[in-house]
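Listed below are the residues making up each chain.
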Amino acid sequence: MVQNYVFPATVSEAVTVLSTNRGKARIIAGGTDLMLELQDGKNTCDVLVDLTQIAELKNITEENGFIRIGASVTHAQAAKSELVLKHAPALAQACRKVGSLQIRNMGTIIGNIVTGNPAADAAVALACLETTAEITTQEGMQTMPLEDMYAGVCLSCIDSCCQVVTHVRFPVKQKGQGSAYLRMEQRKALALPMLAVSAMVELDGDAFKWARVLIAPVGAGPQHALDAEEFLKGAPLTSATMAEAGQLARNQAMFRSSAIRGSKEYRMGVLPVFIERVLQAAVEDARKA
Amino acid sequence: MSQFEYVGKSVNRRDGVDKTTGRGLFTTDIFLPGMLFAKVLRSPHPHARIVSIDTSEAEKLPGVKAVMTHKNGPKNLFNAAVPMFLTIPQLERVLDQLLFDEIVRHVGDEVAAVAATSEAVAEKALALIKVEYEILPAVFDPLEAMKPEAPELHPGKGCTPEGRNIPAEIVKIPYNDVEKGLAESDVIIEETFELPVVKQVQMETQAAVAQVDGDGNVTVWSTTQTPHPSRAILGKIFDIPAGKIRVLAPPYVGGGFGVRIGLSGKAEPIAMGLALLAKRPVKMIYTRKEDFIASDTRHSGYVTIKLGAKKDGTFQALDMKAVLNTGAFCTFGAELPGVCGAMTLAIYRIPHQRYFGHSVYTNCTSAGAMRGFGNPQGNLAMEQAVDMMAEKLGMDPMELRKKNIMRPGDPWCLPYPCGTSELPECIRQGAESIGWSRRGKLNEPGSVKLRGLGMAVGTHVSNAWPFCVDYDNAYVTIQSDGSAQVASGVPDIGTGTSTSLVQIAAETLGMNMDNVGLTYGDTLGTPFDIGSHASRTCYAAGTAIKAAAADARKQILDYAAGYFNIPAERLEIKKGVIAPMAESLGECSGSGLCQLEEVKEGKGNSVTMEELAYHAHVRNKQFIGVGRIVPENAPPWHACFAEVEVDTRTGQVRVVKLTAAHDVGRAINPMIVEGQIEGGAVQGIGYALSEEITYNDKGRQQQYSMHNYMLPTAEDTPEIHSIIVESHDPTGPFGAKGAGECSLVCPASAIANAVADATGYRFKKIPMTPERVFKALNS
Amino acid sequence: MPNQIISFRLNGEVIEIAVSPAEMLLDVLREKMHLTGTKRGCGKGECGACTIIFNGKAMNACLIPAMRAQGADIQTIEGVEGEGGLHPLQQSFIDKGAVQCGFCTPGMIMSAKALLDKNKSPSKDQIREAVGGNICRCTGYVKIEEAVEDAARNLRANAVKGGDL
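Protein chains in written order, with the numbering used here: chain A, 533 to 821; chain B, 391 to 1169; chain C, 75 to 239.
In case anyone wonders, no lab produced these hints; they're calculated from the structure.
Please read these numbers as outputs of a predicted model, since none were measured by experiment.
Take these hints with a grain of salt, some might be off.
[Claimed, not checked] Pulled a few chain C residues facing chain B out of the computed Cβ check, cut under 7 angstroms:
#1 N77
#2 Q78
#3 I80
#4 E157
#5 G158
#6 C175
#7 F177
#8 C178
#9 P180
Glycine included, C-beta positions come from ideal geometry on N, C-alpha and C.
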């Protein structure tokens, strides 16, 4: 049962509180997932350490060739941010799809990663952008690539009782690059995706220079469609290429059957068309710049 | 232009300010001094015997004031829904529920209830209750439950010997000779359709607050759609005379759609039982999950249609069967199969028909009333069969329907006449709206996204007769200041009856609506009414109110006639002023409106209601109008048209536009009727495409929250066009017929037909989820 | 567990109240302050019935830890009506028939108000996004969208005339 609720003014204060409470305190940013877990008894803690008053965590900035997003940045903020729309349309599209506007006004991008939910929209988009997390503990600061942050399904490598993910960052968009996000959903609001894909491409004339293609939920965290990515290197920019990539994506798609979110057969069946469509959208974005 | 002052006008709702400012109180908003909070322990098993239950630790927890289980709960069998008191005399009532039983029959069934000083304490107490279960074999599909080896859910409680686990009776509707009709048919279509479990998901969960006074009088605020029958049910559960129980809406109810025709789940008796034990008021509010798993759903099941027609499209025979899953308790399981059959048999003019249908007990959440009450299930099957017939005959499905739909005066299986129908006009306007002539020309070869057009027609009722007992009473009293007070036992569950009924009263009385008050939804101040359901409130309760108002009006005019010195029939009341219908007999002095004495002296020609009422009052007289009616019945008609787009690569179906044209007789308040049409249309889209509750092999509901039950959000809503066509039925007040449920009868059928038109594939099972559509198109 | 005193602006008035660190804002509003206009439809942020405006943004009160209200500017349905009468949104909801059972209505109005406070010319898509997280089972959303458009029109007209909404 939560006994205390504190608002540190700096990151350093936050880690100190975590450290002092030896595992009985945990970080809360948006709280839209955490509050439900506390109510359901799936999580307990004595102290909640609220990050939303820490000034440096509230922004989306462009610094040193990176777009940097703070821990308090909400989905609503990101979906409308000019920087995000320009450099990472995949992320803006993904954030727009989370839950409802009420949830987007409260829930954070980084929270979306730290819950470890494999179907978390923002995390799937970040995975195609070569994202790195900046983590602070009592011992100091470290970085971690996004793909290393998943310990299992709904299990993060981040221990919110002693670590604070303060920012995530990804490189600014270069010429010829584009990204996109697509999901398969049972309705247009208040629904988790049955299937989510993101793609980032770099074009070189009439060919793909490279592509990053991510699929979820197919395990802990978004998974690279490795065979498709390999195939797309240097491949000609045609519908046939994208269709083939779609088929190849199935090789890494370990869908399970879910009573509520679709059978394995169905998700495997429609994955190729979503891969095709997200690649087409990423290409269109690349061509715009 | 309407010839009426109020009827036919989109008068603003009276409860609009309360509801838009948050001032309006719902059951969940009630706080009473000393109030306790109730929580319920529910079975994790679909079928089990409670071998032992130990509540001693829970009782000791500080803050816990009462605990109830089968050991100390009331022992009277009941039916939580109104059939307990509204079953027609020819049938045996099915009473198969105990407040707490030793046997639990579905996941979520009540095991124990606790009243404590806070919800948190009550929850803690539940965790301290120790229950030992003996697991019993369970069955979830109605066809399985009818097999001889299936476990019996309610032995000895009124099941028919004609089958296993079938409550009450099998409904059989014979109409001439169906075998002969089939033999005379050139083409026969036979198909079985499967319908899912869906849920009302009204926004306010089941709730009740119960308070007992020192004399044992009980007041229960609740979300019920039927205060009077619910009061009677509570009386029987607890062996307390109904006269000592008051059931009322506070006054607002957050929706119903049939989920509380009778008790609101078990909220009322649990709150009341704990209040009696604790001697303090008790509030019981279902969580959303409890509302999903422990209150009535729609009946799922199997409907089989065998339709025979001549080569020229004339329908000859209809043989219909239905096996419906009524879940763990019967509630409406006896009546609903009858409505399913009758409403389907009543759409078309078919000389030979037969219906055979019934419910079956299973270890699922009990199924009961949900908007449409069996009609949507039958309609989905029938209207697809009609399209299949059209295809086989090479006819346009609209032309096939126009050829066969009922016309006023045609014979049918129902005990009341088909008095009015504007269905042809509904079809005409609906077809125009959707652009029916584009059908068959919508897709280029090789398109990935295919478009299709589909339609469906249907009928319904304007009250619950002959399926249930149905009668209404109302009274109208004129106060000494000339204002009117109407009393009716129906609550307003959101359908605007607290406005529409006043329109009817004010129109009949000839008074300004502002001067007409309505007491409603409270057993204390109103005479018996069977409640807000069965699309009956305007038609039936409205007729009683019209009769009461007419009675009061007659008394007023009879009284006035003596002073005007003309026959009462030549007087009228208009905008609250009583005056002769003919030319004026002379001028008044002063303000233009006179005293009765002046009128008598020939010095004036009109009086206000206020003047007259006060005049009568000081001479010891009040005008009291009473209306006691048994309603007739009249069929509303509806035609629904849908345009869909199917993404063949993902299986996603998008409704592009839905048009719903309704003959509701007369729209007492057109804006309110449109609201009913639109609301039902969106529920229909959910029924067709995304809503479903499924069970795993352990009997656990897989969908039980707003998050995983896929009802449409605002972002999913297509263009919806609602059309009202009026037929002015002489049996309804000002020509009105039923409206409330009608809008959910046809949309899913129209969408299914549109999907078939788009893809060439006919879905025998709904919802047509992307997965099912994808599988069908890619196998 | 010890309550803490927090202070925030509620419907324009600064108030102080003791809350538990484990409480949600919705419970504080309904159970402690008896402001029952904000409804509980699901308690899990899945239906929008408890929508309030928190620092200018629509949020589900059932998910906001009460402690976070400290220093915030919070509007509930009770604060929407002005001195001069109903807010245009409230009037439009009534005039356009967007109210049926009324249980979703406070949340709907708060979502719509959060939009119109910032944007008096929203597109249809923006209106749908604003109320996409508010479930209504009665209306089919049709008249709700019409009401928001109507209110936006009136607010624009008022702004032109120099009204202070």
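Which numbered hints are broken by the structure, listed smallest first?
Numbers 1, 2, 3, 4, 5, in rising order.
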